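Protein chains in written order, with this note's numbering: chain A, 3 to 104; chain B, 3 to 118.
Some clues are possibly wrong.
A short, non-exhaustive set of chain A residues, derived as facing chain B with CB atoms under 8 angstroms [claimed, not checked]:
#1 Asn4
#2 Asp8
#3 Gly10
#4 Arg34
#5 Met38
#6 Leu40
#7 Pro41
#8 Ala44
#9 Asn49
#10 Asp51
#11 Glu52
#12 His55
#13 Pro62
#14 Glu63
Just so you know, these hints were derived from the structure itself, not from any lab.
Because the structure is a prediction, the values reported are computed rather than measured.
Note that CB positions come from ideal geometry on N, CA and C, so glycine has one too.
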Amino acid sequence: MNGVHDLGGMHGLGPIVIEKDEPVFHHEWERRVFGMFLPVFATGAFNIDEFRHAIERMGPEYLQTSYYEHWLAAFETLLEEKGMISAEEFSARRARIAEEAR
Amino acid sequence: MAINASQAMAATLTGATARMETPVAPRFKAGDRVRMRNLNPPSHTRLPRYIKGKVGVIERDHGVFVYPDTHAAHQGEKPQHVYVVRFASTELWGPQGSANDELLVDVWDDYMDAAP
Numbered sequence: 003m004n005g006v007h008d009l010g011g012m013h014g015l016g017p018i019v020i021e022k023d024e025p026v027f028h029h030e031w032e033r034r035v036f037g038m039f040l041p042v043f044a045t046g047a048f049n050i051d052e053f054r055h056a057i058e059r060m061g062p063e064y065l066q067t068s069y070y071e072h073w074l075a076a077f078e079t080l081l082e083e084k085g086m087i088s089a090e091e092f093s094a095r096r097a098r099i100a101e102e103a104r
Numbered sequence: 003m004a005i006n007a008s009q010a011m012a013a014t015l016t017g018a019t020a021r022m023e024t025p026v027a028p029r030f031k032a033g034d035r036v037r038m039r040n041l042n043p044p045s046h047t048r049l050p051r052y053i054k055g056k057v058g059v060i061e062r063d064h065g066v067f068v069y070p071d072t073h074a075a076h077q078g079e080k081p082q083h084v085y086v087v088r089f090a091s092t093e094l095w096g097p098q099g100s101a102n103d104e105l106l107v108d109v110w111d112d113y114m115d116a117a118p
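Work out the full structure, taking the sequences as your base and the hints as a guide.
Printed below as a string of structure tokens:
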């Protein structure tokens, strides 16, 4: 797929920032997204290459989001496509989380 | 299938591999000149855009692996060799390349043909 992920050789994206003493996770939610991978993967709903392709299908949003946001986007795409969660369940849960965060 | 915490920890620490034990004859050997195919599927591929159509030399054979293109589409594992291919910087980037630099890329067998 000739997607936005295929960045090799592109100009204008700036230097690669190398953090000193980079932590494994920058935010607690990243740890949780990492932890989601195995249980979701173990359902057999998708394979690793399908997971990568789901990230590649993010479109322009890919460039503005972080590594674990890519993972989360892939889970959301695949679980909905595989019928494990419905679009209604997903939007209802998002709305509830947003409400609780107020 | 469900997994418990200790299985999850083991899998997290060791990871997984796409390497396969299936015997497949290699099409190329170290030193062979190869040209990357110009493939543009809308589906998953691990052929990076910047090597399409470019000529390189087989550096090393990694062995046999799952082919991501078919596997992502549930069309089988299509076991095949993955090679390290060496590209001159100037082959990839033309006059903006560096005469001193080379790039080594892992490339699946199905992404290339023999180059004269």
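Status of each hint after checking the structure:
no.	hint	result
1	Asn4	holds, 6 angstroms
2	Asp8	holds, 5 angstroms
3	Gly10	holds, 5 angstroms
4	Arg34	violated, 14 angstroms
5	Met38	violated, 11 angstroms
6	Leu40	holds, 5 angstroms
7	Pro41	holds, 7 angstroms
8	Ala44	holds, 5 angstroms
9	Asn49	holds, 6 angstroms
10	Asp51	holds, 4 angstroms
11	Glu52	holds, 5 angstroms
12	His55	holds, 4 angstroms
13	Pro62	violated, 16 angstroms
14	Glu63	violated, 18 angstroms
Going down the numbered hints, you'll see the structure goes against 4, 5, 13, 14, while the others check out.
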